[in-house]
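**Student:** Each protein sequence line maps, in turn, to chains V and G.
Residue numbering for the first sequence is 27 to 408, as defined by my numbering.
Residue numbering for the second sequence is 27 to 408, as defined by my numbering.
Don't read these hints as lab results, they were simulated from the structure.
What you are looking at is a predicted structure, and each value in this text was computed from that prediction instead of being measured.
Ideal placement from N, C-alpha and C gives every residue a C-beta, glycine not left out.
Please note that the accuracy of each hint is not assured.
[Unchecked claim] With the C-beta cut set under 7 Å, the calculated list includes, among others, these residues of chain V facing chain G:
#1 M27
#2 K29
#3 L32
#4 A401
#5 A406
[Stated by the list, open to error] Below are the DSS-like pairs computed for lysine-lysine, each with C-alpha atoms no more than 27 Å apart in a straight line:
#6 G/K105 to G/K181
#7 V/K282 to G/K29
#8 G/K314 to G/K29
#9 V/K105 to V/K133
#10 G/K105 to G/K242
#11 G/K133 to V/K384
#12 G/K259 to G/K282
#13 V/K314 to V/K337
#14 V/K29 to G/K29
#15 G/K133 to G/K156
#16 V/K279 to G/K156
#17 V/K29 to G/K279
#18 V/K394 to G/K29
#19 G/K282 to V/K29
#20 G/K202 to G/K181
#21 G/K113 to V/K394
#22 V/K29 to G/K394
#23 V/K384 to V/K394
#24 V/K72 to V/K251
#25 V/K251 to V/K314
#26 V/K314 to V/K128
#27 G/K181 to G/K252
#28 V/K245 to V/K72
#29 G/K279 to G/K181
#30 G/K251 to G/K105
#31 G/K113 to G/K357
#32 V/K279 to V/K72
#33 G/K282 to G/K314
#34 G/K120 to G/K133
#35 V/K394 to G/K394
Number of protein chains: 2
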Amino acid sequence: MQKRYLLAPGPTPVPPEVLLAMAQPIFHHRAPEFAELLGRVRDDLKWIFQTRGDVLILASTGTGGMEGAVSNFLNPGEKALVVNGGKFGERWMKLCNTFGAKVEEIKVEWGQSVDPQQVADALKRDPSIKAVYVQASETSTGVAHDCRALGEVVKARPDTLLVVDAITALGVFDLKTDDWGLDVVVTGSQKAFMLPPGLAFVSVSEKAWQKAASTKNTKFYFDFKKERESQLKNQTAYTAAVSLVVGLAEVLKIFKAEGLESLFARNHRLADATRAGMQAIGLSLFAKSSPSDALTAVEAPSGVDGQQIYKQLRVRYGITAAGGQDHLKGKVFRIAHMGYADTFDVVIAVAATEMVLKELGYAVQLGKGVGVAQARLMPAGK
Amino acid sequence: MQKRYLLAPGPTPVPPEVLLAMAQPIFHHRAPEFAELLGRVRDDLKWIFQTRGDVLILASTGTGGMEGAVSNFLNPGEKALVVNGGKFGERWMKLCNTFGAKVEEIKVEWGQSVDPQQVADALKRDPSIKAVYVQASETSTGVAHDCRALGEVVKARPDTLLVVDAITALGVFDLKTDDWGLDVVVTGSQKAFMLPPGLAFVSVSEKAWQKAASTKNTKFYFDFKKERESQLKNQTAYTAAVSLVVGLAEVLKIFKAEGLESLFARNHRLADATRAGMQAIGLSLFAKSSPSDALTAVEAPSGVDGQQIYKQLRVRYGITAAGGQDHLKGKVFRIAHMGYADTFDVVIAVAATEMVLKELGYAVQLGKGVGVAQARLMPAGK
Chain V
27 MQKRYLLAPG PTPVPPEVLL AMAQPIFHHR APEFAELLGR VRDDLKWIFQ TRGDVLILAS
87 TGTGGMEGAV SNFLNPGEKA LVVNGGKFGE RWMKLCNTFG AKVEEIKVEW GQSVDPQQVA
147 DALKRDPSIK AVYVQASETS TGVAHDCRAL GEVVKARPDT LLVVDAITAL GVFDLKTDDW
207 GLDVVVTGSQ KAFMLPPGLA FVSVSEKAWQ KAASTKNTKF YFDFKKERES QLKNQTAYTA
267 AVSLVVGLAE VLKIFKAEGL ESLFARNHRL ADATRAGMQA IGLSLFAKSS PSDALTAVEA
327 PSGVDGQQIY KQLRVRYGIT AAGGQDHLKG KVFRIAHMGY ADTFDVVIAV AATEMVLKEL
387 GYAVQLGKGV GVAQARLMPA GK
Chain G
27 MQKRYLLAPG PTPVPPEVLL AMAQPIFHHR APEFAELLGR VRDDLKWIFQ TRGDVLILAS
87 TGTGGMEGAV SNFLNPGEKA LVVNGGKFGE RWMKLCNTFG AKVEEIKVEW GQSVDPQQVA
147 DALKRDPSIK AVYVQASETS TGVAHDCRAL GEVVKARPDT LLVVDAITAL GVFDLKTDDW
207 GLDVVVTGSQ KAFMLPPGLA FVSVSEKAWQ KAASTKNTKF YFDFKKERES QLKNQTAYTA
267 AVSLVVGLAE VLKIFKAEGL ESLFARNHRL ADATRAGMQA IGLSLFAKSS PSDALTAVEA
327 PSGVDGQQIY KQLRVRYGIT AAGGQDHLKG KVFRIAHMGY ADTFDVVIAV AATEMVLKEL
387 GYAVQLGKGV GVAQARLMPA GK
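Taking the hints into account, I'd like the entire structure generated from these sequences.
**Tutor:** What follows is the structure, given as structure tokens:
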């Protein structure tokens, strides 16, 4: 017998009350109770997105939302500036290319966050850039890009949109969609939203809707204008993923009970303790600046294969973490601490890492990293 | 948001596959599929009880099984010898008194296990003793009594039964019902059997059935002879707790997949690591001899209220452990590690204890106990 622990950066564990809600008998997506439900979750999504604008609910994973965030806001031949600092920056590149944009790339070394000045300079050099694509949290490297600063850079330009992949950011750390001028923000259900995969959420600013009115890219399922028309009537354009929306309502209840500030504080506490614990073991964080509070990418110590760490966590201890992607394969392993995560998930992650490293022949003092993490995890006060 | 952890000595957590099985639509207890199910679980119960005799399934908690283990095997006025070394030894006393037995008590200091020689001497002094009542694992103190040695003492006597409360023992550590001569063995669903409360299981030896044939105590619901007649036909005398029996079948599948030896080895590994971790924090075990592998009773350090440790584990860290009972209230807290328990439950228990003690002002080096526990928890080989 071995218990299983899901500490990967998505899908993340689903809370029991959400699983129970989703296990209820399904009802019809054109029934009045679904419209009532959709109205409620649409309101609550605005709250967590910190926007007064629309937040679309799509039956797709986050990548579907990203596709729509390209196809609805760029015409073929228009210029896009892509911040590419990892696997998901590359996904923006591929999507922009697929939909016929001219792409200018700001290549950011994996493990670094973009310097907002670089974006400002690129925009200044080329007034024809119609949209900037960036990750709020780059899941492949565990690095956050400074969306607040990027918002400052972009919002002064009436003809340029800022499009943010917040798939491992929204619900993890503060992201003020309206105040910071984030025109399009995309996230998915299976990260901080602690739902099964299958839903994407996309907020769209008025500025972005104005642009969408005139874009001509080929799209059908991810046609945001059509979807908006339906959702303003508390309907979905196509069949809604009913059970997931039922689960979403439960998740939003949990979020509201906790409150934004506590939610972000908890995620930060868990992230901070994970980073401190891993460093106390003698490991280096892969993020050289602005580590994301959603997940921690940890470098394998020299002489130890990162894939072995990832694999042994699973085989020996029932823990599903993540390995490195592409050229990071074998060099890093990644531990998530977003969504349905609490104090002892971090304790487990650090303890298991110590045990696996010891088994792999790395000199580690069992309990040392855990102790440092424990100290950071202890809630203040009372 | 706070995750909840159930580390109390019952009820214990129920594995997800068992919860799912029990969530299936209910079927009728007189339907053929229930008889088929009951036949299967009766066979598998014999395997885990290590007996060729009958194992009755009762819709009650363990105490109901204990009541039947008195009322079916003692006549009013007959003499019972009760080993009383804790709260559940006292329960044997109360039951024997309730059913009109003459009770001789071997009082064992709480925290100690009985010396089998004391039982042998008492039996030698008084040939009229018809049954010896004992706990295999005394849940209030975390102490195991040596049932193998007691079996040796009792089985030579044709007119004396050995009745064992194995509620926190069966499925935790080795208990050879037939080989050791344990005539009646009682357990419940909500401990090592990792089911919700509501079922008791009682094995009965041929020697005990012979005694039962002539006992005259008042009983109806817990009439084992009547129950046996039904269960030999794969029926229950009264309504069966259908969903719990469905869950039981899943649990027995898990037990069989793990195997008895591995099951006991895992429980021992978790118990050993808990004891070593708590001692490394500087705490003393309450069990002064033969600690039970089901749970660990830990003494609160001087100046710290044990009830505060128990309470703060829950309030601060979402962990339900147990406090001390009766005169141990405030003096000990108890952590279980039986049933659906694995490596990181122990890590969580020791880490949380460190953190709570530190918050309560006790000098503790965070991670020290955890490190010692980790070393004991690391599986050998491969």
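**Student:** If a hint holds in the structure, say so; if it does not, say that too.
**Tutor:** Results for each hint:
1. Hint status for V/M27 relative to chain G: holds, with the closest Cβ pair at about 5 Å, below 7 Å.
2. Residue-level restraint check for V/K29 holds (minimum Cβ-Cβ distance to chain G is 4 Å; threshold 7 Å).
3. Checking V/L32 against chain G by beta carbon gives a least distance of about 12 Å; that is not within 7 Å, so the hint is violated.
4. Annotation: interface hint on V/A401 holds; nearest CB of chain G at approximately 5 Å, less than 7 Å.
5. Among the interface hints, the one on V/A406 is violated; its C-beta lies about 10 Å from the nearest C-beta in chain G, farther than the 7 Å criterion.
6. This hinted pair checks out: G/K105 and G/K181 have alpha carbons roughly 17 Å apart, not beyond 27 Å.
7. Restraint check: the Cα-Cα separation between V/K282 and G/K29 comes to about 17 Å, which is no more than 27 Å; the hinted pair holds.
8. With a C-alpha separation of about 34 Å, the suggested pairing of G/K314 with G/K29 is violated against the 27 Å cut-off.
9. Restraint check: the Cα-Cα separation between V/K105 and V/K133 comes to about 16 Å, which is no more than 27 Å; the hinted pair holds.
10. As the CA atoms of G/K105 and G/K242 are separated by approximately 14 Å, the hinted pair is consistent with the 27 Å bound.
11. Among the hinted pairs, G/K133 with V/K384 is inconsistent with the structure: their alpha-carbon atoms are about 47 Å apart, more than 27 Å.
12. Straight-line distance between C-alpha atoms of G/K259 and G/K282 comes to about 24 Å, which keeps the hinted pair within the 27 Å bound.
13. For the proposed pair V/K314 and V/K337, the alpha carbon gap of about 25 Å is at most 27 Å, so the pair holds.
14. In summary, the hint linking V/K29 to G/K29 is supported, as the alpha carbons are separated by about 16 Å, within the 27 Å threshold.
15. Taken as a hint, the G/K133 and G/K156 pair is honoured in the structure, with Cα atoms around 18 Å apart against an allowance of 27 Å.
16. Distance check on the hinted pair: V/K279 and G/K156 sit about 61 Å apart at the alpha-carbon level, beyond 27 Å; violated.
17. The hinted pair formed by V/K29 and G/K279 meets the criterion: a straight-line CA distance of about 16 Å does not exceed 27 Å.
18. With a C-alpha separation of about 24 Å, the suggested pair V/K394 and G/K29 falls inside the 27 Å cut-off, and the hint holds.
19. Restraint check: the Cα-Cα separation between G/K282 and V/K29 comes to about 17 Å, which is no more than 27 Å; the hinted pair holds.
20. A C-alpha spacing of about 13 Å is found between G/K202 and G/K181, which places the hinted pair at or below 27 Å, so the restraint holds.
21. For the hint pairing G/K113 with V/K394, the CA-to-CA distance comes to about 39 Å; that exceeds 27 Å, so the pair is violated.
22. Proximity of V/K29 to G/K394 is assessed by CA-CA distance (about 24 Å); at most 27 Å being required, the pair is judged to hold.
23. A C-alpha spacing of about 12 Å is found between V/K384 and V/K394, which places the hinted pair at or below 27 Å, so the restraint holds.
24. Note on V/K72 and V/K251: the hinted pairing holds, with a Cα-Cα distance of about 18 Å set against a maximum of 27 Å.
25. Taking the CA atoms of V/K251 and V/K314, the gap is about 40 Å. The hint is violated against a cut of 27 Å.
26. Between the alpha carbons of V/K314 and V/K128 the distance comes to roughly 30 Å, so the proposed pair goes past 27 Å and is violated.
27. Annotation: proposed proximity of G/K181 to G/K252 holds, straight-line Cα distance about 26 Å (limit 27 Å).
28. The suggested pairing of V/K245 with V/K72 holds, with an alpha-carbon distance near 25 Å, which does not exceed 27 Å.
29. The straight-line distance between the Cα atoms of G/K279 and G/K181 is roughly 32 Å, outside the 27 Å bound, and the hint therefore fails.
30. Our distance criterion of 27 Å between C-alpha atoms is met by G/K251 and G/K105, whose separation comes to about 22 Å.
31. A distance of roughly 15 Å separates the Cα atoms of G/K113 and G/K357; the hinted pair therefore holds under the 27 Å criterion.
32. At most 27 Å may separate the alpha-carbon atoms for a hinted pair to count; V/K279 and V/K72 meet this at roughly 13 Å.
33. The straight-line distance between the Cα atoms of G/K282 and G/K314 is roughly 33 Å, outside the 27 Å bound, and the hint therefore fails.
34. A hinted pair counts as satisfied when its Cα atoms are at most 27 Å apart, and G/K120 with G/K133 qualifies at roughly 14 Å.
35. A distance of roughly 8 Å separates the Cα atoms of V/K394 and G/K394; the hinted pair therefore holds under the 27 Å criterion.
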